[in-house]
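Enquirer: This is what each chain is made of:
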Amino acid sequence: MVAGAWICLLAPLGGALAITLLGPWISRRAAGYVSTLTTFLAFAGALIAFFGLWSRDAHDREQLSTAYTWLAAGDFQVGMEILVDPLSTVMMLVVSGVGGLIVWYSMGYMAGDDEERRFFAYMSLFVFSMLLLVQAGNFLLLLVGWGLVGLASYLLIGFWHKRPEAVAAAKKAFVMNAIGDATFALAIVLLIWSTGTLEFSAVFEGVDGLSSTAVNLVALGLLGGAVAKSAQIPLHTWLPDAMEGPTPVSALIHAATMVTAGVYLLVRAHPIFEAAPDIQSLAAILGAVTLLVAGLVALVQWDIKRVIAYSTMSQIGYMFLGAGIGAYGFAIFHLMTHAFFKALLFLTAGVVIHHLSDEQDIRRMGGLKSALPRTHVAFLIGTVALVGLPPFAGFWSKDAIVASALARGDALGWTLFVAGLLGVLLTGAYSFRLYFAVFHGKRVTVTQQTGDSHHAQHGEGPMSMLVPVGILAVLSAIGGLLYIPGVWHPFTHWIEETGEPLVEATTGQDYLTSAISVALGIAGILLARRAFQLDRQLVTMPSAWRVFEHKLYFDELYDALFYRPGAALANALRRRVEEPVIEGSLDEIGSGTIFASGGLARVQSGLLRTYALAIAFSVCVLIVVFVAVR
Amino acid sequence: MSGPGVGWYLIVAAALFGIGSLGVMLRRSPLIVLLSLEIMLNGANLALIAFARQVGDLDGQIFALAVMAVAAAEVAIGLGLIVAMARRDMALDVDQASALRG
Amino acid sequence: MWIVWFLAAGACLGSGIAVVSMTNPFYSALALIGNLASLAVLYLLLAAEFLAAAQVLVYAGAVMVMFVFVIAYLGGRADAPWAGGSPVMQTAAVVAAVALLVEVVVVLGLAWGDELKDPAQVSDSFGSPAAIGELFLTDHLLAFEITSIVLLVAAIGGVVLGTTHEKGRP
Chain F
1344 MVAGAWICLL APLGGALAIT LLGPWISRRA AGYVSTLTTF LAFAGALIAF FGLWSRDAHD
1404 REQLSTAYTW LAAGDFQVGM EILVDPLSTV MMLVVSGVGG LIVWYSMGYM AGDDEERRFF
1464 AYMSLFVFSM LLLVQAGNFL LLLVGWGLVG LASYLLIGFW HKRPEAVAAA KKAFVMNAIG
1524 DATFALAIVL LIWSTGTLEF SAVFEGVDGL SSTAVNLVAL GLLGGAVAKS AQIPLHTWLP
1584 DAMEGPTPVS ALIHAATMVT AGVYLLVRAH PIFEAAPDIQ SLAAILGAVT LLVAGLVALV
1644 QWDIKRVIAY STMSQIGYMF LGAGIGAYGF AIFHLMTHAF FKALLFLTAG VVIHHLSDEQ
1704 DIRRMGGLKS ALPRTHVAFL IGTVALVGLP PFAGFWSKDA IVASALARGD ALGWTLFVAG
1764 LLGVLLTGAY SFRLYFAVFH GKRVTVTQQT GDSHHAQHGE GPMSMLVPVG ILAVLSAIGG
1824 LLYIPGVWHP FTHWIEETGE PLVEATTGQD YLTSAISVAL GIAGILLARR AFQLDRQLVT
1884 MPSAWRVFEH KLYFDELYDA LFYRPGAALA NALRRRVEEP VIEGSLDEIG SGTIFASGGL
1944 ARVQSGLLRT YALAIAFSVC VLIVVFVAVR
Chain X
83 MSGPGVGWYL IVAAALFGIG SLGVMLRRSP LIVLLSLEIM LNGANLALIA FARQVGDLDG
143 QIFALAVMAV AAAEVAIGLG LIVAMARRDM ALDVDQASAL RG
Chain V
10 MWIVWFLAAG ACLGSGIAVV SMTNPFYSAL ALIGNLASLA VLYLLLAAEF LAAAQVLVYA
70 GAVMVMFVFV IAYLGGRADA PWAGGSPVMQ TAAVVAAVAL LVEVVVVLGL AWGDELKDPA
130 QVSDSFGSPA AIGELFLTDH LLAFEITSIV LLVAAIGGVV LGTTHEKGRP
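Protein chains in written order, with this note's numbering: chain F, 1344 to 1973; chain X, 83 to 184; chain V, 10 to 179.
Warning: the hint list may mix true and false statements.
What the hints assert, rightly or not - The following label-pair restraints were derived from C-beta to C-beta distances:
1) ALA1939(F) with GLY138(X): 50 to 60 Å
2) ILE155(V) with GLY138(X): 34 to 44 Å
3) ALA1415(F) with ILE155(V): 21 to 31 Å
4) SER1961(F) with MET172(X): 23 to 33 Å
5) ALA173(X) with VAL1972(F): 24 to 34 Å
Please keep in mind that the hints were generated in silico from the structure rather than gathered at the bench.
Please read these numbers as outputs of a predicted model, since none were measured by experiment.
Beta carbons: idealized from backbone N, C-alpha and C, even for Gly.
Isolated chain F (complex conformation) (with noise of 0.2 Å):
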């Protein structure tokens, strides 16, 4: 069992290395290949490690397997261990799943791209590096799969590296990370320094015995890297521009799993998190702020991923609002299900996006449920799971976080509750204002613009673009069916071992959420309908406009907070000090070099009698010396 999670671990990483190392020696769609099955060989892995944790009694279920004991310093010890517990078995399936399903896909998306065989080995690197960031057993080997998943969003974002605005995001999207790596890492100085191990379990046991400056130091280091890694607001603002890489990326790394490594570590770290309530409540506090305004953001814009990406950050808002008021199972449910409807989305964005030769403004797309009917369907599932309605996925994991806030009963909880359901009202909105724009209405001409000629491909796209398609929208419709309230609740069961709920629902609150949830999506949704039949949009006012367009300023905000400074000083330092000091003192020394040594120079006069005389003087001071010191 624990074989079968290394397998899951090792195999991208086989296949990424594979592909690396036989470079042009293989062809592109054997690159492909290369990675497909990898990853699916992953899942398999996954599989197996799920069912034989299955297998054991519950009280056994969590197992450590140690490759080896990498760093050792006194009495810190720190190893590559696994750790498959019901959490990390969790994350293996949905990211090596749905992780194949995506390659799967970009195989038909990628292909006559020249560098494909990179893409593949990137997106091998990143499937890795994301299960060995679920699977670490302890916070070091976290914090490397936590770097190297940021590497290989960088990589993949810019993977188109000669469009300008591509590197710029890929830049800003790994500098953003960064500082959520940053006060990782301190989080992670400070548990050694205050409980003197990294191992999960350990660091669990000890959290108690710490200050609670010292705890609430470590937990507000630990969401600060989630924050930026789940593009929660305030280090969000990477995301929209991440949209610049190929369909596929956006899907995996930006919807399906990346994103969500940040509640991942909020799940994991509960512990940590319950002895900060101050913390917690943050997380869900930064949460709810961000599914609202993501949500109002989502409203106005005009690129068809970009939209999704709001969307994404959206609903992990709703995740961290989970996580923050300690509803584990359900953040990770609502995870699982996110996942498979969001890649679903992302796909089929990336079917209509092909079709129309790389367009990708919905203004100019429209009337396209004729001409990809299946594509339409999916689409239409994956949004209805997205808005959360019943029997879909989307609805039986949003409306539990919800309730769980109503359950929670105290100021923050009605708030959070209060926010949650306005989110719904504005995801209707938005998901649908999308999808009317996209297939209903005015069949747009399909004129052939220049995009690349590998995209030039028009209908519904190949067998291995539709069925990863069609399996996700599988999942979008029944994968919610894990948790049904008061009847079945296997999937919250299974994560309860590794974290109990700080807050249960219970079935009356569970119905009455639902149902006022899904009264506010269908009301999104005719409001949505209602402004595209009047061809109108949704925001009007035109202040509103501009400040939601302008995704609230962030941009502009950081821009003049720690842009403009920052580089006005580089340069100032550049002209007073790299200049005139640091230059200068070199080129001073060598030409003081040059002229001491013309100076010495002139001592080799070349004369014999000079030399003769230099030693008799010598001699005389010497025996003087000689005799004194005696």
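Starting from the known structure of chain F, arrange chains X and V on it as the hints suggest.
Expert: Relative to the frame of chain F, chains X and V by itself:
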């Protein structure tokens, strides 16, 4: 021995050394420089032998013998150099032989 | 003893000054021979018989003969006027030599009473060829061997310096 004490010999040796060094520093002909060099070496030899007598140890005389051998060798080479210089019609002037100037 | 010493020492110093100050190199060479001879006398006074003999044989005999040969070969070119050069250098040279002498005298004066009192008692065979030879071939064998190598190298060097190339280049 009822002659002068070792100190007197040493004064003579020092005087010889000084005279020799004057010759090295003040003459321009390499030939005279070599001769002065010989005087310096002889001064050193005298000091060695005087001390050998004072201390009663023959090592000083051995040293002086070795010095003599080396001085002979050095003179041979030096004279060879002078002859080579003369053969090439170079001026026999140490001030003009300054090709090693830095 | 003292008379002999004074005569020998005087001859030594006088011939030394003569070597350094003569303009005719031949006279300088002759003066040096005188210097070497008087030194040999001083060595005898210091119970260094073998060395005195070696001095006369090797130095005065072989080395000076070499000198005279070269002077003969050079003929007129060997004429050596007194040096020019800056007066500063000349005064400096004189100062250095005098300083050296003064220092030695001072040192000697400091040590005159204590260390330089009585010479050690030596046997009659002190300084004899047998004693020197025994020491040279046992305690100082390395010096012996190396000295012979030095002489070999000098011989080779002399041959190399003296060879002419066929084409008439000196």
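Enquirer: Starting from the hint list further up, note which numbers the structure goes against and sort them upward.
Expert: Hints 2, 3 and 5 not satisfied by this model.
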